[in-house]
Amino acid sequence: MSTLRMASMALKGQTRMFSVLKYRSTKLASEHLMEPQGTIQGRHVENYHYDKDNNLVVNIKPLPRENESVETKRRRLLYQSRKRGILETDLLLSRFADRYLIKMTEAELNEYDKLLDEMDWDIYYWATKNYKITPLPDRWKHSKVLRMLQESSNNGDKVILRMPELKKEEMTIGLEKD
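Mapping to UniProt numbering: the sequence shown position 169 is 169, numbers consecutive.
Derived from the structure by calculation, the hints contain no laboratory data. Virtual Cβ for every residue (Gly too), placed ideally from N, Cα, C. Fair warning: there could be bad hints in the mix.
[What the hints assert, rightly or not] Quick list of simulated restraints, FRET-style, between CB atoms:
no. : residue 1 : residue 2 : range
1   : Asp138    : Asn110    : 29 to 39 Å
2   : Glu106    : Ile160    : 26 to 36 Å
3   : Lys61     : Glu165    : 43 to 53 Å
4   : Lys103    : Asp53     : 34 to 44 Å
5   : Gly156    : Lys52     : 21 to 31 Å
6   : Arg147    : Ile102    : 29 to 39 Å
7   : Ile160    : Lys52     : 44 to 54 Å
8   : Thr72     : Lys52     : 21 to 31 Å
9   : Asn54     : Glu106    : 21 to 31 Å
10  : Asn55     : Thr105    : 21 to 31 Å
11  : Gly85     : Lys141    : 18 to 28 Å
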């Protein structure tokens with residue numbers, strides 16, 4: 001048997017093996033979705049449930065941040081605005097944070113913090129006022145911070161959006177010099 005034929009047979013075997021493994025991993029993943037998601041800090045957690053229309057609803061609760069100083073919150077929100085994972089949302093939120101975060105009151109920071117707990121694509125569509133894809137929930141209809149984000153996202157000057165550079169004073173907010 002020629003080396004080329006043996007290589008071809010081996011490749012076909014690997015392809016079949018890959019298909020079987022892919023099927024098995026997909027099957028295992030779908031079976032795993034029916035089981036609880038695990039534990040966090042020793043407590044049982046389910047990250048999803050099915051609503052009355054049998055739609056999958058993902059539950060992601062934010063971590064409680066008790067006794068967080070305003071300066072620490074500003075730094076965290078700056079980081080969370082820049083490192084979302086979806087480029088479009090990263091660009092909108094990083095520019096918004098660069099412009100407004102340092103001026104926000106504690107109440108506005110808390111509201112922005114709650115907004116960042118929403119899903120990335122929801123934030124993007126709300127910021128760009130595309131309510132056909134993701135309708136705006138009642139809890140955000142009168143949000144001052146969301147209105148500010150929408151104005152910032154409008155890009156009336158038609159500039160190319162880039163993530164702003166970090167400024168040294170932003171990275172050291174609240175840090176005292178020894």
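Okay, the hints, checked on the actual structure:
{"no.": "1", "hint": "Asp138 to Asn110: 29 to 39 Å", "in the structure": "18 Å, violated"}
{"no.": "2", "hint": "Glu106 to Ile160: 26 to 36 Å", "in the structure": "34 Å, holds"}
{"no.": "3", "hint": "Lys61 to Glu165: 43 to 53 Å", "in the structure": "33 Å, violated"}
{"no.": "4", "hint": "Lys103 to Asp53: 34 to 44 Å", "in the structure": "42 Å, holds"}
{"no.": "5", "hint": "Gly156 to Lys52: 21 to 31 Å", "in the structure": "43 Å, violated"}
{"no.": "6", "hint": "Arg147 to Ile102: 29 to 39 Å", "in the structure": "19 Å, violated"}
{"no.": "7", "hint": "Ile160 to Lys52: 44 to 54 Å", "in the structure": "45 Å, holds"}
{"no.": "8", "hint": "Thr72 to Lys52: 21 to 31 Å", "in the structure": "40 Å, violated"}
{"no.": "9", "hint": "Asn54 to Glu106: 21 to 31 Å", "in the structure": "41 Å, violated"}
{"no.": "10", "hint": "Asn55 to Thr105: 21 to 31 Å", "in the structure": "37 Å, violated"}
{"no.": "11", "hint": "Gly85 to Lys141: 18 to 28 Å", "in the structure": "26 Å, holds"}
Of the hints listed earlier, those the structure fails to meet are numbers 1, 3, 5, 6, 8, 9 and 10, in rising order.
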